[in-house]
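Colleague: The residues making up each chain are set out below.
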Amino acid sequence: MQTQRISSPHLKPPIQVTDIMKGVIYALIPGIAVMFWLYGWSFIINIFIAISSALIFEAIALYLRQRPVKIYLYDGSALLTAILIALAIPTLVPWWIVVLGSFFAIVMTKQLYGGLGYNVFNPAMVAYAILLISFPEQMSILWQNISNEGQSLNLIDSINFKFFNELPADISIDAITSATPLDSIKTILSSGAATVSELKSQSFDNNIYGVIAGSNVEWINLAFLAGGLWMIYTKLITWHIPVSMLLSLLICSLLLGYGIDSDLHPSPLFHLFTGASMLGAFFIATDPVSASTTPKGKIVFGAGIGCLIYAIRTWGGYPDAIAFAVILMNITVPVIDYYTQPRVYGHDK
Amino acid sequence: MSINSVSVNLKQKVKNLFTYPGGVKVDSHKIHDDDTNIRFCNVPERLTLSLSQHIGSPAIPVVNIGDKVLKGQVIADQTGHISARIHAPTSGIIEAIGQYPIPHPSGLTTKCIVIKSDGNDEWLPHKGATNPESLSPYDIRTYVENAGVVGLGGATFPSAVKIDKSPGVRIHTLIINGAECEPYISCDEALMKQRAEEVVLGARLIQKALLAKKCIIALEDDIPIAYERLTEITRHYLDHKVDVVQIPELYPSGGEKQLIQILTGLEVPTKKIPAQIGVSVINVATAASVYRAVYQGEPLISRIITLTGGALKTSTNVEVLLGTPIEHLLHHAGLDEQRLSRLIMGGPMMGFNLPSAQLPTLKATNCILAATEDELAPLEAAMPCIRCGRCADHCPMSLLPQQMYWYSKNHDLKKIQDYNIFDCIECGCCSYVCPSNIPLVQYFRYGKAEVHKDRCQKEKSDKARNRHELREQRLEIIKKEKAEKRKHMAARKKEMAAKKAKEAAEKAADNNPDNSSLESKPENEEDPIKAAMKRVQAKKEAMKKQQ
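Just so you know, the sequences run in chain order A and B.
For the first sequence, our numbering gives the first residue as 1, with consecutive numbering after it.
For the second sequence, our numbering gives the first residue as 350, with consecutive numbering after it.
Looking at chain A on its own, in the form it has when it is part of the complex (with noise of 0.2 Å):
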């Protein structure tokens, strides 16, 4: 019998941090088919280096900070960060670039700053800002050309082209990448090349703009939905962040473009499902450890980010702009939280 003092409660838990990480993890599996089925393996193998380099990065800082590695290695955190940065870098960036990537992730953001539960700013977009500052050519060009008549390569031309930067003799380089939908529309709409409605027929550019927001890219964002609006009915995450930063981010483009000048400015649904958005208002803006806490500022924190993202993409330097939008909001948690904290029963309305 136990006699030492154990405090109540003394129910089980109903969940754990590391069923939490695995439910996201599966609740991330329909994106990836989608990003597999229309990248093919070189997406896949990013996401190889970027777990065994992370896991690895995690067991030698935990280590180094003397902290139990087992323990801390099977919390499944690591692997999610790994995760997400694979979904976000282009696909045919060089193995190193990947690796870098879980470096600033793991080590600089998350280990530094005190591992778990500690870091200030979300761990796979300081990584993802990072690389696409010091790397600018390879983070937006580097993406596999995913049009109809691209050339696709196997499994072996993959780890080839990504290890040694060799391509099938058959293969040029420009025939295989492109810059992203999202990328090519924002360009073509600055330069005045076409109107959205001209996007939008068929025939253009190999139907870049897809149904509604930039061919194929619209699906993976569909398939992120699909496991975000999972999460929410699981209760792994709450609804606030996501609804809030998507609403606002069609109310921006509803208001600030779309609703000034209809050719001009692409559809709030483009916006909606277009680039990141979905990754990032269900996988990457949810992310508990940088987010804003409390019911209220959990809502102006998704907010937050869905604005930026507009402001962003419509007058800044990069063509989308999940990771920028969730750093800048990370810095105004501790603001938000101490702002909206909810009213505690018996106290004044």
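Be aware that a few hints might be false.
[What the hints assert, rightly or not] Not the full set, but computed from the structure, chain A residues with beta-carbon under 8 Å of chain B:
#1 8
#2 13
#3 115
#4 116
#5 288
#6 344
[Unchecked claim] Taking lysine to any residue and the SDA-like style, the derived pairs with C-alpha atoms no more than 25 Å apart in a straight line are:
#7 A:349 / B:625
#8 B:848 / B:858
#9 B:465 / B:394
#10 B:379 / A:2
#11 A:349 / B:769
#12 A:296 / B:766
#13 B:888 / B:877
#14 A:12 / B:597
#15 B:763 / B:618
#16 B:842 / B:858
#17 B:758 / A:15
#18 A:12 / B:690
#19 A:70 / B:728
#20 A:349 / B:747
#21 B:764 / A:344
#22 A:12 / B:733
#23 A:235 / B:374
#24 A:12 / B:374
#25 B:374 / A:230
#26 B:802 / A:7
#27 A:235 / B:732
#28 B:802 / B:774
#29 A:12 / B:791
#30 A:12 / B:598
Hints in this document: simulated from the structure, not taken from any laboratory.
Backbone N, C-alpha and C fix where the C-beta goes; we use that ideal spot for every residue, glycine too.
Using the hints provided, position chain B relative to the given structure of chain A.
Modeller: Only chain B this time, still in chain A's reference frame:
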């Protein structure tokens, strides 16, 4: 008047219930044993009765070692304003009076009276009020006080004090709390099913004592039989309005503050008690004890206890004499010691684990949970907080446990008070849902204790500083007084000297009345000396001559 407007609101709202934020749905694990009567546990050989099994001053023994006592006889009397009597639960001999361990989180011992049973269980002659329906509030209170009734929901506040009509406080709503929301515990459920009439009649007495307009008996909706029986009995008594209300099953709906919120939509202001908003909450078992005290003249010497858990052969509700050793109860329910992992008094959400079974039951003992290893949470290392906010989502008080945890851990006493740590009711919802296994409630108890300690120390140092300052002031005054005195003395000395001189001068003037002017005074002063010296010289010369 705000109270009047409140009671008007109540009339409209009592049927449609209010909700509170948070709470958790937990597997109830309750024994819904229906139509079996509540059995009595047999009388043990010895009963140990703690003198402090209620809130307030400990009772004072009125018996001596070796005295023979009858069942129901007062063995310890109340003292001070908040206290309760203790009666002998069975007949026997007072064997010892001294310090014994009791079930308490602190593990400290308290003064207890040990009765050795004589096996006869012989009652002291007693009878209830002849016409209980027409008693005055004062009479009801006296019966309750004599019977040593305390709140049996866990707080053990002396009921006589609670139902005393203090001036300036008007109770408009009496809530009889049958919402037994903790998992495993079903003693109130058994009482409401088997002794519904006692509950209703007790409730009516308390309502009368408090002059409360409304009386609501609240219970969770998972025990329809109890609801039916209570409703049926209230139909017999149409003169007073007693409502029986079912509330949704959710933990911690039986908490006083939550129950008030569910039934009335009112919130007890922070740092205040329910009476200040005109509400009083009393447990169903307390109501039944009030009934017994008034109708039968029986003091509180027994209570219903739930014996449950995987390590027992049978889970059951039994009526137990106060002071019965827990070991005796476990034996009664068929304990398998091999399987026992943790022994808990109370429920798994708020109860505390006992270091041994050789402890007596108290008026507050509602449940003994003999749990097996796989029934309860293993002792696991806590992971870091990932700020997921599940704790805040489930907090019925709308607190932010994640922030309170952070500041408790960092010993930031000001911040934890800013985050209203003293509004925490320690229900355990936050710890229960924490995916990182952080014992949050323990941190909050620690935080509260530290703040308390800090306050005491501050008070002490304030007192010391005050004392020091007063002393300094006093010393200053004394110094001043001394200086004043010295000055006074010096002045007086001078005065005296002047007076003396004056007197001498006067004397001299007397001797030489012609010479009274001030200018001639020095000469006058010299004169007597010169004269004396002359006299001495003359004397000396005369002596020399003689030799």
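Colleague: Each of the hints needs a verdict: does it hold here or not?
Modeller: The hints, checked one at a time:
1. Checking residue 8 of chain A against chain B: minimum C-beta separation of about 5 Å stays under 8 Å; hint holds.
2. With its C-beta approaching chain B no nearer than about 6 Å, residue 13 of chain A sits inside the 8 Å limit, and its interface hint holds.
3. Hint status for residue 115 of chain A relative to chain B: holds, with the closest Cβ pair at about 7 Å, below 8 Å.
4. For residue 116 of chain A, the shortest C-beta to C-beta distance to chain B is roughly 5 Å, which falls under 8 Å, so the interface hint holds.
5. Using the Cβ-Cβ criterion of 8 Å, the hint placing residue 288 of chain A at the interface with chain B is satisfied: the shortest such distance is roughly 4 Å.
6. Below 8 Å, beta-carbon pairs count as interface contacts, and residue 344 of chain A has one with chain B at about 5 Å; its hint therefore holds.
7. Straight-line distance between C-alpha atoms of residue 349 of chain A and residue 625 of chain B comes to about 18 Å, which keeps the hinted pair within the 25 Å bound.
8. As the CA atoms of residue 848 of chain B and residue 858 of chain B are separated by approximately 15 Å, the hinted pair is consistent with the 25 Å bound.
9. Restraint check: the Cα-Cα separation between residue 465 of chain B and residue 394 of chain B comes to about 6 Å, which is no more than 25 Å; the hinted pair holds.
10. For the proposed pair residue 379 of chain B and residue 2 of chain A, the alpha carbon gap of about 23 Å is at most 25 Å, so the pair holds.
11. Among the hinted pairs, residue 349 of chain A with residue 769 of chain B is consistent with the structure: their alpha-carbon atoms are about 15 Å apart, no more than 25 Å.
12. For the hint linking residue 296 of chain A to residue 766 of chain B, the alpha-carbon distance of about 21 Å falls within 25 Å, and the restraint holds.
13. Taking the CA atoms of residue 888 of chain B and residue 877 of chain B, the gap is near 16 Å; set against the 25 Å cutoff, the hint holds.
14. Taking the CA atoms of residue 12 of chain A and residue 597 of chain B, the gap is about 23 Å. The hint holds against a cut of 25 Å.
15. Between the alpha carbons of residue 763 of chain B and residue 618 of chain B the distance comes to roughly 21 Å, so the proposed pair stays at or under 25 Å and holds.
16. Between residue 842 of chain B and residue 858 of chain B the alpha-carbon distance is near 23 Å, which keeps this suggested pair within the 25 Å criterion.
17. Taking the CA atoms of residue 758 of chain B and residue 15 of chain A, the gap is about 23 Å. The hint holds against a cut of 25 Å.
18. Note on residue 12 of chain A and residue 690 of chain B: the hinted pairing holds, with a Cα-Cα distance of about 14 Å set against a maximum of 25 Å.
19. For the hint pairing residue 70 of chain A with residue 728 of chain B, the CA-to-CA distance comes to about 18 Å; that is within 25 Å, so the pair holds.
20. A threshold of 25 Å between alpha carbons decides the hint, and for residue 349 of chain A with residue 747 of chain B the separation of about 13 Å falls inside it, so the pair holds.
21. Restraint check: the Cα-Cα separation between residue 764 of chain B and residue 344 of chain A comes to about 15 Å, which is no more than 25 Å; the hinted pair holds.
22. Between the alpha carbons of residue 12 of chain A and residue 733 of chain B the distance comes to roughly 17 Å, so the proposed pair stays at or under 25 Å and holds.
23. For the suggested pair residue 235 of chain A and residue 374 of chain B, the alpha carbons sit about 14 Å apart, so the restraint of at most 25 Å is met.
24. Proposed proximity of residue 12 of chain A and residue 374 of chain B is supported: the alpha carbons are some 13 Å apart, at most 25 Å.
25. Taken as a hint, the residue 374 of chain B and residue 230 of chain A pair is honoured in the structure, with Cα atoms around 21 Å apart against an allowance of 25 Å.
26. At roughly 20 Å between alpha-carbon atoms, residue 802 of chain B and residue 7 of chain A fall within 25 Å of each other, so this suggested pair holds.
27. Proposed proximity of residue 235 of chain A and residue 732 of chain B is supported: the alpha carbons are some 20 Å apart, at most 25 Å.
28. A threshold of 25 Å between alpha carbons decides the hint, and for residue 802 of chain B with residue 774 of chain B the separation of about 19 Å falls inside it, so the pair holds.
29. Our distance criterion of 25 Å between C-alpha atoms is met by residue 12 of chain A and residue 791 of chain B, whose separation comes to about 16 Å.
30. Distance check on the hinted pair: residue 12 of chain A and residue 598 of chain B sit about 20 Å apart at the alpha-carbon level, within 25 Å; holds.
Figure legend: structure checked against the earlier numbered hints; every hint is met.
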